[in-house]
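Line by line, the protein sequences give chains A and B.
7 is the number of the first residue of the first sequence in the numbering used here; add one for each residue after it.
769 is the number of the first residue of the second sequence in the numbering used here; add one for each residue after it.
These are calculated hints, taken from the structure and not from any lab test.
Where a beta carbon is used, it is the ideal one built from N, C-alpha and C, also for glycine.
Take these hints with a grain of salt, some might be off.
Claimed, not checked - Pair by pair, the computed Cβ-Cβ distance ranges are:
no., chain 1, residue 1, chain 2, residue 2, range
1, B, H1042, A, P152, 43 to 53 Å
2, A, K354, B, E968, 37 to 47 Å
3, B, N960, A, S166, 35 to 45 Å
4, B, D797, A, I164, 30 to 40 Å
5, B, E1157, A, E92, 40 to 50 Å
6, B, K826, A, R88, 30 to 40 Å
7, A, E358, B, K961, 41 to 51 Å
As the list claims (entries may be wrong) - Partial list, derived from the structure: chain A residues whose beta carbon lies under 7 Å from chain B:
no., residue
8, I103
9, I104
10, Q107
11, N109
12, T291
13, I318
Residue-level listing of the chains:
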Amino acid sequence: MFGALKEKLKKWITKNKEGDLDIKGHDEKKVDKSPKKQLSKKKKVKKSKVLEKQKDELEQSLEETINTPSEEKGFFIKFKKRLTEEKFEELFEELEIILLQNNVAYESVESIKKSLAEKLIGKNLKEVDLAEELKNAIESILINPPDFIKTIKDSLEIKSPFVIVFAGINGSGKTTTIAKVANYLQKNKLSVSLAAADTFRAASIEQIQQHADNLKIHLTKKDYGSDPASVGFDAITHAKKNKIDVVLIDTAGRMQNKDTLMKEIEKIVRITKPDMKIFLGESITGNDATEQAKAFNESTDITGIILSKSDIDEKGGTAISVSQATGKPILFLGTGQKYEDLEVFDKKKMIEKLGL
Amino acid sequence: MVLDKLGSALKSGIKKISNAIFVDKKLIDGIIKDIQKSLIEADVNIELVFALSQKIKKLAYDETIKGIDKKEQLVKLIHDEITLLLGKEKQLKLPKKASLMFLGLYGAGKTTTIAKLGFYYAKRGRKVALLGLDTQRPAAMDQLEQLAKQTNLQAFIDKKEKDPLKIIKQYSKDLEKYDLVLIDTAGRDGLNKELIKEIEKLDKRLKPDYRILVMPADVGQTAKTQAEEFQKALSIDGVIVTRMDGTSKGGGALTACAETKAPVFFIGVGEQIHEIETFNPESFIQRLLGMGDLQALLEHVKSATDEKQTKRIEERLQEGKFTLLDLYSQLEQMNKMGSMDKLIGMIPGMSAAKVPKNVLAKQESKMKHWKNAISSMTEDEIENPEILEKQTSRIQRVSKGSGTTTTEIRELLKQYKMLKEMMGMQSGLAEGKIDQKMMQKMAKKFRGKVKF
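Start from the sequences and build out the full structure, keeping to the hints where you can.
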């Protein structure tokens, strides 16, 4: 994850540093052209010819816009090497495309743009460290999650059991992720039980039953069509009786625009009073990620996010989108089909991965 | 609705083109930005978005095409290109006996879609069997079994067997009795070589008549890569896009399909078993634009562009004649292009930020008063507003007749004089030859004199 985005961001940063050099003087321009050519050659390997053409045009236009002022206005620019709004727009345009291509939602791109603009416009071009500013912008969006295990253990000293509700749209991977989280908790010496509160989808109960069997933990279940909130309530009662530390409640997938279903999840939250509400999103979701995260955050005030299917794509933009939309931390990333394929989200690591 | 934002962006773009007096760079750039934004928000592949923008620009900047021709061609271009983005319509025409294999990412909705489709075809008289080959996900077989029960279809499953090939062998005789076999496979990542190899093996053994890719509507820029990888491995015959009932715009999935030349046969529009629809890009676009067809769209352009009026103003400008009515109709046509603040934003050197918002609102209400005042004038006064200034009693009469103040009328006259003066410098405007410098010069003059 993030591999592709990292590569592109790096290219953008180095390229625009070269661009800065261009403005400084005419002499350096000749020297400058060769690395640029190499850059486009590198791209040729990766992209098809049609795309290459567009990229070339883009580069050309960028080159032109960088070069023309130095040619036309000559010495005038020497006194005015400050980043103007228009120049910023030009510079950002390409970064915008890179971010969008990597699945960062439009809204989040706009927010990054705004924070960069505030910092950079009017500054002396020489003083501007693009990599640093971009890093700061993304850093301010991503949130470091609190220590998951510690949070639970601290809370257990006051009350027990610790209840976690999982919610998300259909097919996002709630049940699989719950099994992974259960496994993770067990590894950290916490006892776990599950609640099959997805009483709607065909075979959802059988699915979570198999996970419970595999992990040798208790599952509270009822018939299909029964009230999901009551399943959660029963699971908590069972956990209290049997001194189980953590209860994980699986809920049915629901589209965020279905009012009745969103009311249902509100009811589950109201009845079970969870200590943690987790929204499950998919790493492959595009602009809708923002809508989904926002809707679930609004109706249940989520504690954190888990992004599933992070192994599927190199693009990592969804992480930025959901963080920006909710202001809530990403707790884990789902990275595969096995129980161990659950990675604690680490902001520092993520930013390092971006090469910033 | 799916892509509704795109629809409104396109509609407003087309409206702007239709209503504009001159199709200039600023106007086109603004429209392109709007369309770009909505396409990107709908998850349409970025490269496609920029290719489309380039095409629009190329046509719009073409100096050899002018006036109404350019407008028509622009609208046609936008219409055609967007339709192209969504691909051609292709109905799934099944032979008497057919087998369909479904594949796709984890959680895309393969099993649910199979049950829906089974139900859809059973209602249309087919003898349908569902074959479960997802041996990976816990309870996948149970899910298919339960869905089959709900829909009264026959499901062939084996909850214990882990090798899909063995399940195929086990049921191959039974399946011959059915005329439509829908095959469920495990979810897989198109970029995972091992999983792709596995599906290739299944494909070889089963030789399905159709390979159907199932893709969720909210998938983002990943859509293209996934569609391409599956296409490369198996040659996909068609796609079913699921979760079209969410807030996602489906642009990623829909355009990825068009790009990989795999038609979208169906879209899933809900959780219930009957919630599946066929997909027709053409009618989809029509719904999006709220217009019957391209012809109707072009008619709209023609009617919105008052050719006579524009011509009259152009002639007047060239003759140097300019009446209050001309002033008014020009201001009005400018208004049609958008509100005053947008208009001011279009003039370089005169940003809307420099003009307080309530002033702009006032200006718009002033326009209404002016209209009333002009209606109260005699033809002579409209043709030669100078006489109003010479005989101020005329102003008083008009003000009484129209319920406006004399100040307002004087202001109108001032505007008129100023604009007439500007006309002298901008005779080039009529031929669309106006350049940046000229505009700035005009704006300077305009800014200096105009008093809101």
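Okay, the hints, checked on the actual structure:
1. Checked against the given bound of 43 to 53 Å, the beta carbons of B:H1042 and A:P152, roughly 45 Å apart, stay inside it.
2. Between A:K354 and B:E968 the C-beta distance comes to about 41 Å, which sits within the given range of 37 to 47 Å.
3. As the Cβ distance of B:N960 to A:S166 is approximately 41 Å, the hint placing it in 35 to 45 Å holds.
4. In this structure, B:D797 and A:I164 break the distance hint of 30 to 40 Å, their C-beta atoms being roughly 60 Å apart.
5. At roughly 43 Å, the beta-carbon separation of B:E1157 and A:E92 lies within the given 40 to 50 Å, and the hint holds.
6. For B:K826 and A:R88, the hinted distance range of 30 to 40 Å is satisfied, since their beta carbons lie about 34 Å from each other.
7. Here the CB-CB span from A:E358 to B:K961 is close to 28 Å, at odds with the stated 41 to 51 Å.
8. The criterion of a C-beta within 7 Å of any C-beta in chain B is met by A:I103, whose closest approach is roughly 6 Å, and the hint holds.
9. With its C-beta approaching chain B no nearer than about 9 Å, A:I104 sits outside the 7 Å limit, and its interface hint is violated.
10. A least Cβ separation of about 5 Å between A:Q107 and chain B falls short of the 7 Å threshold, and the interface hint therefore holds.
11. Evaluation of the A:N109 hint against chain B yields a held restraint, the C-beta minimum of about 4 Å falling below 7 Å.
12. Hint status for A:T291 relative to chain B: holds, with the closest Cβ pair at about 5 Å, below 7 Å.
13. Hint on A:I318 holds. Least Cβ distance to chain B is approximately 5 Å, under the 7 Å limit.
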